[in-house]
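Q: Please build the complex by placing chains B and C on the supplied structure of chain A, with the hints as guidance.
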Amino acid sequence: MLRRRAWLAGGAAFAALPAIARADSGWPAQPIRLIVPFAPGGTTDLAARLVGQGLSARLGQPLIVENKPGAGATLGSAQVAQAVPDGLTLVVSNIASHGIAPSLYRELRYDALRDFTHVALLIETPSVFVAHPRFPPEDLGGVVRRSREQPQGIDIASSGAGSSNHLLIVQFGQVTGARVNHVPYRGAGPAMTDVIADVVPMMSDSLPSASGHLRGGAVRGLAVATAARHPAFPALPTFREQGVDLVSNSWFGISGPAGLPQAVTERLNREINAVLAEPATQRRFAELGGLISPLSPAAYAEFIAREVARWAPVVQASGARVE
Amino acid sequence: MKINAKDVASGVLLILLAAVGLWLNMDHTLGSARRMGPGYMPMLVFWVQLGLGTLVLVLGLFSGPDPLERWKGIDWTMLILAVVAGTLVWQVSPMFGEFFSSTYNGVGLGMLVGFLVICYALGWRLLGFICAAMCIFALLLEKGGLMLALAATILISAMAEPEHRARPIGVLGLMIFLLAMCWWIFIKQLDIRVAVWPMQY
Amino acid sequence: MDIIGNLAHGFAVAFSFQNLLFALIGALIGTAIGVLPGIGPVATISLLLPITFGQPATTAIIMLAGIYYGAQYGGSTTAILLNLPGEISSVVTTLEGYKMARNGRAGAALATSALGSFFAGSVATVVVAASGPLLTSIALSFGPADYFSLMLLGLIISAVLAQGSIIKSIGMVVLGVGLGLVGTDVQTGQQRFTFGIPELSDGISFVALAMGMFGIAEIILNLERPEARSVLKTKVDSLWLTKEEWKRATPSVLRGTVVGSILGILPGGGASLASFGSYMMERKMSKGRHMFGQGAIEGVAGPEAANNAAAQTSFIPLLTLGIPANAVMALMVGALIIQGIQPGPRMVEAQPDLFWGLIASMWIGNVMLLVINLPMIGMWVKLLQVPYKFLYPAILVFCCIGSYSVNNNVFDVYSTVVFAVLGYMFNKMKMEPAPLLIGFVLGPMMEEHLRRAMLLSRGDVMVFVERPISASMLAIAAVALLAMMLPNLRKGKEAALSG
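One line per chain: the protein sequences are A, B and C, in this order.
To convert, take the position in the first sequence, counting from 1, and add 88; that gives our numbering.
To convert, take the position in the second sequence, counting from 1, and add 75; that gives our numbering.
To convert, take the position in the third sequence, counting from 1, and add 884; that gives our numbering.
Misleading hints may appear alongside valid ones.
Computed footprint of chain B on chain C, listed as stretches where at least three residues anywhere in the stretch have a Cβ under 8 Å from a Cβ of chain B [unchecked claim]:
no., segment
1, 1065 to 1074
2, 1264 to 1278
3, 1320 to 1334
4, 1346 to 1357
Straight-line distance between alpha carbons at most 16 Å, and here's what the computed EDC-like set of lysine to aspartate or glutamate pairs gives [what the hints assert, rightly or not]:
no., chain 1, residue 1, chain 2, residue 2
5, C, K1171, C, E1128
6, C, K1171, C, D1237
7, C, K1312, B, E144
8, C, K1273, B, E238
9, C, K1314, B, E144
10, C, K1312, B, D141
11, C, K1273, C, E1108
12, B, K77, B, D141
13, C, K1314, B, E173
14, C, K1312, C, E1108
15, B, K218, B, E144
These aren't lab readings, by the way, just hints derived from the structure by calculation.
From a predicted model like this one, the values you see are computed outputs, not experimental measurements.
Yeah, the Cβ is synthetic: ideal placement off N, Cα and C, and Gly gets one too.
Chain A extracted, bound-state conformation (with noise of 0.2 Å):
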């Protein structure tokens, strides 16, 4: 009941293996590993899951799913920067471990650029501000306005420290000058928690952990960071509609190490997109609340590069630090 590898291969690959795929050169012989660098049961374990689901199918080799979890996400990635760059070993690259911890810790033991050959971008999910029902600010300017009114500043939860959603945060104080207090959890389901229980009137989360709490009226929106209104949310204003020029999205896609050969890479590309393109993709990835956004690997390289330029100064402005 638990042969994962043989239903892998039986069921699912070898039923819907295209027949190009095999005239193809030799890559892939063997299964393929892709290392989650997150403990299992997060959105980014589950969309490794769907997406390598798929894959595998259309590459005619079992992909396996392997979690490394540890140290933000970095461990997972130092282990595959470190591997043989022959295709077999790829790491979902994220924006904690190739887009913030280049400049949180100091003594990083990759580097998120020149270590890694950059292969697709699968999904990006906007940060959004929750509030509890009762907390008397309409919008952001209501936010601002109290903010400076209260002795102490307000307090706004985050999912934990040096997270993309803190950062939000951060730069939230910056752009518009509030006083915020910054209360971080350990993940967000406890943040959650405490929102609802008005022992934090506000939250920074991301739309797929808050949506289910959004649509059922536990909590209320206040603003989602993208650049226009979400489709699954079009009566939530962006934080731009309210004139806070901000848009924070957390987003995570597949890398190899350095140095995978253009055809491998170029390959795997295709293959994800393609995989990105089917409808039940597509469902699944609404569902949890993400926007897909196909990118050539050109393109996710250089995407990752304006992600660590752009992440520098906030997380400088934070004061977080991992030394």
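A: Chains B and C alone, transformed into the frame defined by chain A:
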């Protein structure tokens, strides 16, 4: 005055660990009561521990007698030798190949050597063989594969039991049985992510 | 609310052939992985998640829930037989359960655990069905200050887990809290006491600590005392409970069920307090309290019941708020989201099949576990008759693989070795590891709540006494501390005078 040596030793251990903790904690900012820094809670905890350790030590001076097991000369000698040998091997291990300079393989080799050396003293033998058996598992697993690592672990752990040393055939049977069972449970059924045979990854 | 009608509907859903089958599969897998040290429900559920993509949501969640309680049952088995606790709740089970096994009462201990868990699980299922939404308000009324005081109370009463001097065991609790501080500081992200080792940035692994200090240290100690091994081998009395044991265990199960049902509702740490809260209660209140430390059946019955009741009621925050109380619950949320269902307050109305079907299947799952586990007791006890010289390499091998597979990292195997040496040393000095382990688990939570409470109250300490919940917890803690210290000090003084 009846000394409870076990309590005195416990008190000393608590005090020592608290002192080390307080010393390491000097790196961390204390912060204020409102916005406690990373060093605030450790400071409280280690001071309380220091106090409790002292209390245990002082009470231990009167609540005995409860002596610790006697250490023979050889126990001391081998303990020191093992620590020296282990540290030495750990430090020079990168010379044996690239394998030992990556991750924890160098430390692991040092621990293995240390635990094997200490087995020379009868008093340490059981501890030494059991711990060495675990170390060799960790050392062999990633390059040597699960089967080789398990075989080595079973072999070394069996050394702890005198009856096994007298009749090695039983160990062989046990090894075959355990290898088959572990393969069936962990590879066939649970499919844990690990190399099964040498040089698989 | 028409509970009977809803429950009937739930049973109709759960009794479909497919759902029954998957509840059975889940319970079987859960039991199997619970028995294997180090391999927990989190890893297994995440492995099985992809299968659930293709199943109906109700079936998927029923199977995953089955794994969750199956693992709880299985974990108690190794705790009783081999002194190998897989998680914090089974640490308590080792205390009396392993002693019972060594007295030849392994069968009775396992039976008590299975029956007590079944009873508590059944009661807790009714609690979830009848008043789940109502009880949510309890979870929401606990603020950071209240949690801090609850954790502090927990730490203080955990000192009674030890057999020896209270001061020494409080010392062990504090040492455990200190070990729990290793890792990333939640508030600032700074690394503390990690020596630059990235593997330590998420803290010391609980599995490595528990496995080393209990399981491996116990192997070495057993090898040292050949006489203890033969006791383990020869003395296996009847498998079933005696009349006397029934009489002693029943009130403990009842008390444990109440304690567990209440604590399980509190997200973040409530459930981990349940089993040793019950142990403490039994040790102070039960008729067999003088037998604690030598294998008292009350010390198995109460905590096992509490643990299972808490496992059930910890579904309440998930089902009514959509907030997972632990890592397994987080995986369940993931599985539901993949199915397009957002757990939360609207789930009861929006997905009545799922909600009531799950509740009915909780009970069915408990029946199945009882059916699976009772006949297996004989087999487990036979395991103890395997000569120890063949048994110990097997335990060791399972521990090696188990500790590795938690994070797929050999670092955890080496840490297990270090804690085995430490555990061995502690035993020689009569320092008990159980309070240390509880300090290790509760300490970090206590720090988190303390700092958050101070941050939100702007540094005002009065918040701990102004809030009624917090104030009463602190009062109980103070009374408990005094009650424990007084006889101990007096005894110490007598010893000093007579010496």
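Q: Each hint should be assessed against the structure and marked as holding or not.
A: Hint check results:
no. : hint              : verdict
1   : 1065 to 1074      : holds (count 5)
2   : 1264 to 1278      : holds (count 5)
3   : 1320 to 1334      : holds (count 3)
4   : 1346 to 1357      : violated (count 0)
5   : C/K1171 / C/E1128 : holds, 12 Å
6   : C/K1171 / C/D1237 : violated, 45 Å
7   : C/K1312 / B/E144  : holds, 8 Å
8   : C/K1273 / B/E238  : holds, 8 Å
9   : C/K1314 / B/E144  : holds, 12 Å
10  : C/K1312 / B/D141  : holds, 11 Å
11  : C/K1273 / C/E1108 : holds, 12 Å
12  : B/K77 / B/D141    : holds, 8 Å
13  : C/K1314 / B/E173  : violated, 43 Å
14  : C/K1312 / C/E1108 : holds, 12 Å
15  : B/K218 / B/E144   : violated, 41 Å
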